Amino acid sequence: MGGSEERVVAVIMVGGPTKGTRFRPLSLNTPKPLFPLAGQPMVNHPISACKRIPNLAQIYLIGFYEEREFALFVSSISNELRVPVRYLKEDKPHGSAGGLYNFRDQIMEESPSHIFLLNCDVCCSFPLAEMLEAHISYRGMGTILVIEVSPESANQFGELVADPVTNELLHYTEKPETFVSDRINCGVYIFTPDIFTAIQGVSSQRKDRATLRRVSSFEALQPANRSLPSDFVRLDQDILSPLAGKKQFYVYETTDYWEQIKTPGMSLKCSGLYLAQFRRTSPDLLASGDGTKNAAISGNVYIHPSAKVHPTAKIGPNASISANARIGAGVRLVHCIILDDVEIKENAVVIHAIVGWKSSIGRWSRVQASGDHNTKLGVTILGESVTVEDEVVVINSIVLPNKTMNVSVQEEIIL
Amino acid sequence: MKALILVGGFGTRLRPLTLSVPKPLVDFANKPMILHQIEALKSIGVTEVVLAINYQPEVMLNFLKDFEAKLEIKITCSQETEPLGTAGPLALARDKLIDESGEPFFVLNSDVISEYPLIEMIEFHKSHGGEASIMVTKVDEPSKYGVVVTEESTGKVERFVEKPKLFVGNKINAGIYLLNPSVLDRIQLRPTSIEKEIFPKIAAEGKLYAMVLLGFWMDIGQPKDYITGLRLYLDSLRKKASPKLATGTNIIGNVLVDESAKIGEGCLIGPDVAIGPGCVVESGVRLSCCTVMRGVRIKKHACISSSIIGWHSTVGQWARVENMTILGEDVHVCDEIYSNGGVVLPHKEIKSSILKPEIVM
Numbered sequence: 001m002g003g004s005e006e007r008v009v010a011v012i013m014v015g016g017p018t019k020g021t022r023f024r025p026l027s028l029n030t031p032k033p034l035f036p037l038a039g040q041p042m043v044n045h046p047i048s049a050c051k052r053i054p055n056l057a058q059i060y061l062i063g064f065y066e067e068r069e070f071a072l073f074v075s076s077i078s079n080e081l082r083v084p085v086r087y088l089k090e091d092k093p094h095g096s097a098g099g100l101y102n103f104r105d106q107i108m109e110e111s112p113s114h115i116f117l118l119n120c121d122v123c124c125s126f127p128l129a130e131m132l133e134a135h136i137s138y139r140g141m142g143t144i145l146v147i148e149v150s151p152e153s154a155n156q157f158g159e160l161v162a163d164p165v166t167n168e169l170l171h172y173t174e175k176p177e178t179f180v181s182d183r184i185n186c187g188v189y190i191f192t193p194d195i196f197t198a199i200q201g202v203s204s205q206r207k208d209r210a211t212l213r214r215v216s217s218f219e220a221l222q223p224a225n226r227s228l229p230s231d232f233v234r235l236d237q238d239i240l241s242p243l244a245g246k247k248q249f250y251v252y253e254t255t256d257y258w259e260q261i262k263t264p265g266m267s268l269k270c271s272g273l274y275l276a277q278f279r280r281t282s283p284d285l286l287a288s289g290d291g292t293k294n295a296a297i298s299g300n301v302y303i304h305p306s307a308k309v310h311p312t313a314k315i316g317p318n319a320s321i322s323a324n325a326r327i328g329a330g331v332r333l334v335h336c337i338i339l340d341d342v343e344i345k346e347n348a349v350v351i352h353a354i355v356g357w358k359s360s361i362g363r364w365s366r367v368q369a370s371g372d373h374n375t376k377l378g379v380t381i382l383g384e385s386v387t388v389e390d391e392v393v394v395i396n397s398i399v400l401p402n403k404t405m406n407v408s409v410q411e412e413i414i415l
Numbered sequence: 001m002k003a004l005i006l007v008g009g010f011g012t013r014l015r016p017l018t019l020s021v022p023k024p025l026v027d028f029a030n031k032p033m034i035l036h037q038i039e040a041l042k043s044i045g046v047t048e049v050v051l052a053i054n055y056q057p058e059v060m061l062n063f064l065k066d067f068e069a070k071l072e073i074k075i076t077c078s079q080e081t082e083p084l085g086t087a088g089p090l091a092l093a094r095d096k097l098i099d100e101s102g103e104p105f106f107v108l109n110s111d112v113i114s115e116y117p118l119i120e121m122i123e124f125h126k127s128h129g130g131e132a133s134i135m136v137t138k139v140d141e142p143s144k145y146g147v148v149v150t151e152e153s154t155g156k157v158e159r160f161v162e163k164p165k166l167f168v169g170n171k172i173n174a175g176i177y178l179l180n181p182s183v184l185d186r187i188q189l190r191p192t193s194i195e196k197e198i199f200p201k202i203a204a205e206g207k208l209y210a211m212v213l214l215g216f217w218m219d220i221g222q223p224k225d226y227i228t229g230l231r232l233y234l235d236s237l238r239k240k241a242s243p244k245l246a247t248g249t250n251i252i253g254n255v256l257v258d259e260s261a262k263i264g265e266g267c268l269i270g271p272d273v274a275i276g277p278g279c280v281v282e283s284g285v286r287l288s289c290c291t292v293m294r295g296v297r298i299k300k301h302a303c304i305s306s307s308i309i310g311w312h313s314t315v316g317q318w319a320r321v322e323n324m325t326i327l328g329e330d331v332h333v334c335d336e337i338y339s340n341g342g343v344v345l346p347h348k349e350i351k352s353s354i355l356k357p358e359i360v361m
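First to last, the sequence lines map onto chains F and W.
Numbering-wise, the UniProt record's numbering puts 151 at position 151 of the first sequence, and it's gapless, one number per residue.
Numbering-wise, the UniProt record's numbering puts 51 at position 51 of the second sequence, and it's gapless, one number per residue.
Wrong hints could be hidden among the right ones.
[Stated by the list, open to error] Computed list of lysine to aspartate or glutamate pairs in DMTMM-like fashion (alpha-carbon distance at most 25 Å, straight line):
id: 1; chain 1: W; residue 1: 224; chain 2: F; residue 2: 253
id: 2; chain 1: F; residue 1: 403; chain 2: W; residue 2: 162
id: 3; chain 1: W; residue 1: 196; chain 2: F; residue 2: 389
id: 4; chain 1: W; residue 1: 144; chain 2: F; residue 2: 389
id: 5; chain 1: F; residue 1: 403; chain 2: W; residue 2: 68
id: 6; chain 1: W; residue 1: 351; chain 2: F; residue 2: 411
id: 7; chain 1: W; residue 1: 163; chain 2: F; residue 2: 391
Just so you know, the hints here were simulated from the structure itself, not pulled from any lab data.
From a predicted model like this one, the values you see are computed outputs, not experimental measurements.
Working from the sequences, and respecting the hints, build out all of it.
Here is the structure:
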């Protein structure tokens, strides 16, 4: 398949500043999509995956951030990947499907035959070329990437049931209270342009119901419909749920890793997952060293070329060091993300932490946490320009930007 | 006459409020903190105020444009590229502070709210003929601060003792100085502390004098002191029989209500409350010892005490908010929620009660 008529467009939803408060304090200084995982901005990972799509014409980033926050990134990534990338700012919330519909004119500019929709804060292997092939064979309106999870955790997501032979989507429920299925929606989709017709159908139906409401007071009492404007369309509740079982949607199952990057703690875990992916697909991106000429490296480690690491330091596993960082003699870094311009002085130890841009970690100081990515204080987060003085210990804590830690703390949020 | 206001840095102790605006622009008694000081300076004839800042100059400069015109006083910024401490900024602003007149200039600390007896300070400075005058204030717990030990009769400063462990005196540096231009010759352009390096030298030469500030004084750089400071400030308005204080059957004690704010029926407001512009307080609301900033809506039957409600937030019906709850900008507390000391960052919705003091990010 994939004749010269096939043109594919990818749309990545990147969210906005007031929506994702769970990513604080890191999002206080940087838009979450630009936060680095395994040395590259979060949104780079789905964008790079899109490069593997045959006949990719254009990538759109849709979000609520100001254009200027993405201007620099978008122009440099367009140059680097040699694929046009554009940022489109939503003026108001339209829901997960409404946002796509809102920009249908731009998206359909190149008359694509297929449209990928990805969420920026999803961490996975993005098997997009395989999804495209499967979708073409199913001949439906859309194909959803799904993954099997533990039954206990399934209800945090959209649960779905699919026909094991035809892979048709039979049933879809968002965050159900009782167990429906252990297959969940990964937040990666591929559609044909008919999706816009389906979204418009929901909008008009809602508009009609709104005029009907004046006639039927029972309708007016339905909380689900009462407060949603007609152009607010959610992909899950308004499209997938009603159209399941009607031979419109299909599933493609992945058995690779999948996580959502909602909190700083999860970003550390996902950085590790991407580092492991680099080990498989592009090992030359990772650092190596045995402690003689270069620092000793254990496991998967990314070190930006401009960072300086003393040969007596020991780095890894799962460490990511960004531009212009300076790692001093005898420093030990394990399970951490060290951001730009950080200075870590001699013999300091950092375990299960994220050290914010321009921060300074003193000699013999210790910045660590339990490493439980799911609890609020399970990964220690130091915001931008935080100073930890010599010999101070910071455990299971979050420190907001521009603070100086001159006494040791545990289990605290320092504003 | 000229003045310098030390605005300094990030105002981290006043977070989450300072996550939305720089500290000098945080409202106190319905006016940006720094405006209290600029107005006090203007009223005694200061013609130019220099703000020594090192954070968010664009935000400050925008704000200042409005007030320069309204107040008819010249306001400029002196921006530090690296933190210069409490004396370094004076060296940086040297050219703005000295002119041919050779007059002394004021230096104020932007976190301080007080009576500002500046005319009296000028008289005091002239009468002792020394090089520098500093205002001191009496406090209950001097070892939290730097104590200034003076000669009783003349006010000549003998020495400074930083956070003394044993009692040496109960007067502390109030952060208001009147300095001769020659003081600038003593300050190099590098991070320098005025209390630790410059003043002790001037004191050793017998040229530093301290005047006791009568009237209220508070360092409102952190939420607890901000709330106490409001009580002292409103009390001083009462002593002056200020018409700004609200009156009415639903008002207890000292209360400030902006003229554009609306208060519903059956409310009980006060004591020690400030309600900002555009606020809507619905019926049956109880407010005490709190600040309600611009654009806030307090819904029916809610009860708020000892708290600060940030700009454009809402507090739901029957909600109870107390014990040093600080809501940042655009925070929405749902109906019937209880917050005991919650500190909430901007743009959040509180859907479940906060039973003990907690930071909500």
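Query - Unmet hints by their number, sorted upward, for this structure - result: 1 and 5
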